[in-house]
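Next come the chains, spelled out residue by residue.
There are 2 protein chains.
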Amino acid sequence: MKSSLLKVYESTQKRELPKHELEFGRTFTDHMFVMDFSESEGWHDAKIVPYEPLSIDPAAMVFHYGQSVFEGLKAYLSPQGEPLLFRPEKNIARLNKSNERLCIPAIDEEFLLDALKELIQIDQNWIPSANGTSLYIRPFIISTEPFLGVALSTQYKLIIILSPVGAYYKEGINPVKIAVENEYVRAVRGGTGEAKTGGNYASSLKAQEQAANGGYAQVLWLDGVEKKYIEEVGSMNVFFKIKDEVVTPELNGSILNGVTRDSVIQLLEYWGVNVIERKVTIEEIYEEYKKGNIDEVFGSGTATVISPVGQLDWNNYQMVFNNGETGNLVQKVYETLTGIQYGRLEDPFNWIEQVNVRRRVNKVG
Amino acid sequence: MKSSLLKVYESTQKRELPKHELEFGRTFTDHMFVMDFSESEGWHDAKIVPYEPLSIDPAAMVFHYGQSVFEGLKAYLSPQGEPLLFRPEKNIARLNKSNERLCIPAIDEEFLLDALKELIQIDQNWIPSANGTSLYIRPFIISTEPFLGVALSTQYKLIIILSPVGAYYKEGINPVKIAVENEYVRAVRGGTGEAKTGGNYASSLKAQEQAANGGYAQVLWLDGVEKKYIEEVGSMNVFFKIKDEVVTPELNGSILNGVTRDSVIQLLEYWGVNVIERKVTIEEIYEEYKKGNIDEVFGSGTATVISPVGQLDWNNYQMVFNNGETGNLVQKVYETLTGIQYGRLEDPFNWIEQVNVRRRVNKVG
Numbered sequence: 001m002k003s004s005l006l007k008v009y010e011s012t013q014k015r016e017l018p019k020h021e022l023e024f025g026r027t028f029t030d031h032m033f034v035m036d037f038s039e040s041e042g043w044h045d046a047k048i049v050p051y052e053p054l055s056i057d058p059a060a061m062v063f064h065y066g067q068s069v070f071e072g073l074k075a076y077l078s079p080q081g082e083p084l085l086f087r088p089e090k091n092i093a094r095l096n097k098s099n100e101r102l103c104i105p106a107i108d109e110e111f112l113l114d115a116l117k118e119l120i121q122i123d124q125n126w127i128p129s130a131n132g133t134s135l136y137i138r139p140f141i142i143s144t145e146p147f148l149g150v151a152l153s154t155q156y157k158l159i160i161i162l163s164p165v166g167a168y169y170k171e172g173i174n175p176v177k178i179a180v181e182n183e184y185v186r187a188v189r190g191g192t193g194e195a196k197t198g199g200n201y202a203s204s205l206k207a208q209e210q211a212a213n214g215g216y217a218q219v220l221w222l223d224g225v226e227k228k229y230i231e232e233v234g235s236m237n238v239f240f241k242i243k244d245e246v247v248t249p250e251l252n253g254s255i256l257n258g259v260t261r262d263s264v265i266q267l268l269e270y271w272g273v274n275v276i277e278r279k280v281t282i283e284e285i286y287e288e289y290k291k292g293n294i295d296e297v298f299g300s301g302t303a304t305v306i307s308p309v310g311q312l313d314w315n316n317y318q319m320v321f322n323n324g325e326t327g328n329l330v331q332k333v334y335e336t337l338t339g340i341q342y343g344r345l346e347d348p349f350n351w352i353e354q355v356n357v358r359r360r361v362n363k364v365g
Numbered sequence: 001m002k003s004s005l006l007k008v009y010e011s012t013q014k015r016e017l018p019k020h021e022l023e024f025g026r027t028f029t030d031h032m033f034v035m036d037f038s039e040s041e042g043w044h045d046a047k048i049v050p051y052e053p054l055s056i057d058p059a060a061m062v063f064h065y066g067q068s069v070f071e072g073l074k075a076y077l078s079p080q081g082e083p084l085l086f087r088p089e090k091n092i093a094r095l096n097k098s099n100e101r102l103c104i105p106a107i108d109e110e111f112l113l114d115a116l117k118e119l120i121q122i123d124q125n126w127i128p129s130a131n132g133t134s135l136y137i138r139p140f141i142i143s144t145e146p147f148l149g150v151a152l153s154t155q156y157k158l159i160i161i162l163s164p165v166g167a168y169y170k171e172g173i174n175p176v177k178i179a180v181e182n183e184y185v186r187a188v189r190g191g192t193g194e195a196k197t198g199g200n201y202a203s204s205l206k207a208q209e210q211a212a213n214g215g216y217a218q219v220l221w222l223d224g225v226e227k228k229y230i231e232e233v234g235s236m237n238v239f240f241k242i243k244d245e246v247v248t249p250e251l252n253g254s255i256l257n258g259v260t261r262d263s264v265i266q267l268l269e270y271w272g273v274n275v276i277e278r279k280v281t282i283e284e285i286y287e288e289y290k291k292g293n294i295d296e297v298f299g300s301g302t303a304t305v306i307s308p309v310g311q312l313d314w315n316n317y318q319m320v321f322n323n324g325e326t327g328n329l330v331q332k333v334y335e336t337l338t339g340i341q342y343g344r345l346e347d348p349f350n351w352i353e354q355v356n357v358r359r360r361v362n363k364v365g
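Protein sequences, first through last, are from chains V and U. Residue 338 in my numbering sits at position 338 of the first sequence; the count goes up by one each step and never skips. Residue 295 in my numbering sits at position 295 of the second sequence; the count goes up by one each step and never skips.
Hints are computed from structural coordinates only; laboratory data are not their basis. Predicted model only: the values in this text are computed from it and were never measured. Beta carbons: idealized from backbone N, C-alpha and C, even for Gly. Hints should not be assumed to be uniformly reliable.
Claimed, not checked - Simulated crosslink set (PhoX-like; lysine-lysine; CA at most 25 Å straight-line):
(1) 97(V) <-> 206(U)
(2) 227(V) <-> 279(U)
(3) 90(V) <-> 206(U)
(4) 227(U) <-> 228(V)
(5) 206(V) <-> 97(U)
(6) 290(U) <-> 279(U)
(7) 279(V) <-> 227(U)
(8) 7(U) <-> 19(U)
To be verified - Taking beta-carbon pairs under 7 Å as the criterion, some of the chain V residues facing chain U (in silico):
(9) 22
(10) 49
(11) 53
(12) 56
(13) 63
(14) 102
(15) 103
(16) 106
(17) 132
(18) 138
(19) 159
(20) 199
(21) 203
(22) 351
(23) 354
In isolation and in its complexed conformation, chain V is listed as follows (with noise of 0.2 Å):
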């Protein structure tokens, strides 16, 4: 699909930028990306639009059998105001990666890369500048085919909406405290746990729902077959400083493929800290912690970049880290990854790609 096929239909009507304080996901821009899928014309009509209501059929199937797929990246504003993409591809590829488990047809990753960028031009001055704010990009797809069945659907929407989104810490990165998740699992081998599917995050509702009622931030999900393996931390991966090295689960299938994961590894790697991929049960963070060997475990994901966890209680155990404040290293981490993510400090993982690389084409209306 040529980038030159992206139709793009400029809203008359602006709405207005938010004055407010910018809650997570719930301001939306001008503009929407949408782009459809048949059998006969494969994803075609791809076009830029203004935000509006979707028109569905009830017997749309993705209300009836879940396959949908989304990702979440943001865009960051540079100090000298140019919209900036953290390692966009990677979102693209883990899209496909998803697609794939869920049966829906592959999208061309330039292709996508491409209206995005042009999306992001199109609403560029909905991109909030304040310290710590951002314009998340949630790319989605969904099942469209009217029929009760349950089966592949022939039929796809993709959509890319955007959302300016207020910093997540008001006062700097701030430790959480988090419960070990006994009874509820959020994915097991062979199961749909690597993917980003809606699925997985509507199983978990009902244990963070507990585990909110009980104080807690987020739960620990431990691996469904034998619930001593360490999975993810509520919706993002999970670290352990244990002495020196970083420890954090292997990718097993069941865990996100995280890119701030990944990202994290590379820089942790970068400044000669060992870190390693493995299994991690439960009961040897707990072990290391008796010893005094834990003094840092914090989460990561797209939307709050690095969690730290202060607390974390197993059963009738209460395990505390760093006297529940922020430690060095995440500190470290934190602060590096935001400035490059903002343009701020050196990029020597070539993780930055500029957005205003090229003209858009077919203006339409």
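Since chain V is already given, all that's left is putting chain U on it; use the hints.
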């Protein structure tokens, strides 16, 4: 919620009743039921409206985090031309069980049953009358709040759509060929297997696709933990006649609590057949098969009612039951259940519920 609160907006343009052979789940009637949930009003604004596309914000949570549930049941036309429902209160109760797991606010079961009957009365002429045909009923709930945070939605829509469906079996029931699934997993203990939610079906598509490519109608799912206990067949519960007993996997939290499953158990017990609900391993089935102890295997579900399994392939073993033909017991269960459903046979269980029991109220427009 009083049923007098149900408003009816009748369609001014009636669609043409289908003349072609009915395919499952592709044709829909003139009307649908819609009810909304908000935190301030609870479930409210219940109405029957013309069948039409939904207008939904692209940020609606169902598209992203899959918080949704559904049910499936049927209305049958009696020899006297009266529409009948089969144990509808079981489906509505299960909808609330699914709601609980997915953190969706409970619905008033009595009200929903009344609303469902109202809807069927209005579209009564859509219930097909040919042998084996019926009106498939699909209630479903989707999370509609436009918000990208991973959290419980505060807004939902409950919708019921109706689809006239043809006879599943054109020339009597027909045994199918099934493969045991060794790689993929449908659900796991602590997951959402017992709930009728989209994610369970989305995660089953990949295995189903591979099975279809191999010439199989469905897969037989093993448990997600040890991959040795039998759970379901495709989207049906499964029964094995072992010598003079009938064995079916016990409900364990990851197996769907099928209404047809429960009806089969009651029916068999009524006939004096010993039905045992317990754990069943695939290895045990193979051992009993080798001894010649298994001559009938079948699935149960709303769509097919009863589906005989003629062949079951597990790794390199092929098990052929009753020479691949429909067994006597399966045939008798099928004929009795459908006989009761269509009002042709006596109903000693009080399973059948009349639809036309009261006049409708609040006709608007």
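Hint check results:
| no. | hint | in the structure |
| --- | --- | --- |
| 1 | 97(V) <-> 206(U) | 13 Å, holds |
| 2 | 227(V) <-> 279(U) | 21 Å, holds |
| 3 | 90(V) <-> 206(U) | 23 Å, holds |
| 4 | 227(U) <-> 228(V) | 18 Å, holds |
| 5 | 206(V) <-> 97(U) | 13 Å, holds |
| 6 | 290(U) <-> 279(U) | 20 Å, holds |
| 7 | 279(V) <-> 227(U) | 21 Å, holds |
| 8 | 7(U) <-> 19(U) | 31 Å, violated |
| 9 | 22 | 12 Å, violated |
| 10 | 49 | 11 Å, violated |
| 11 | 53 | 4 Å, holds |
| 12 | 56 | 5 Å, holds |
| 13 | 63 | 5 Å, holds |
| 14 | 102 | 6 Å, holds |
| 15 | 103 | 5 Å, holds |
| 16 | 106 | 14 Å, violated |
| 17 | 132 | 17 Å, violated |
| 18 | 138 | 6 Å, holds |
| 19 | 159 | 5 Å, holds |
| 20 | 199 | 2 Å, holds |
| 21 | 203 | 5 Å, holds |
| 22 | 351 | 23 Å, violated |
| 23 | 354 | 25 Å, violated |
Hints 8, 9, 10, 16, 17, 22, 23 from the list above are not met by this structure, while the remaining hints are.
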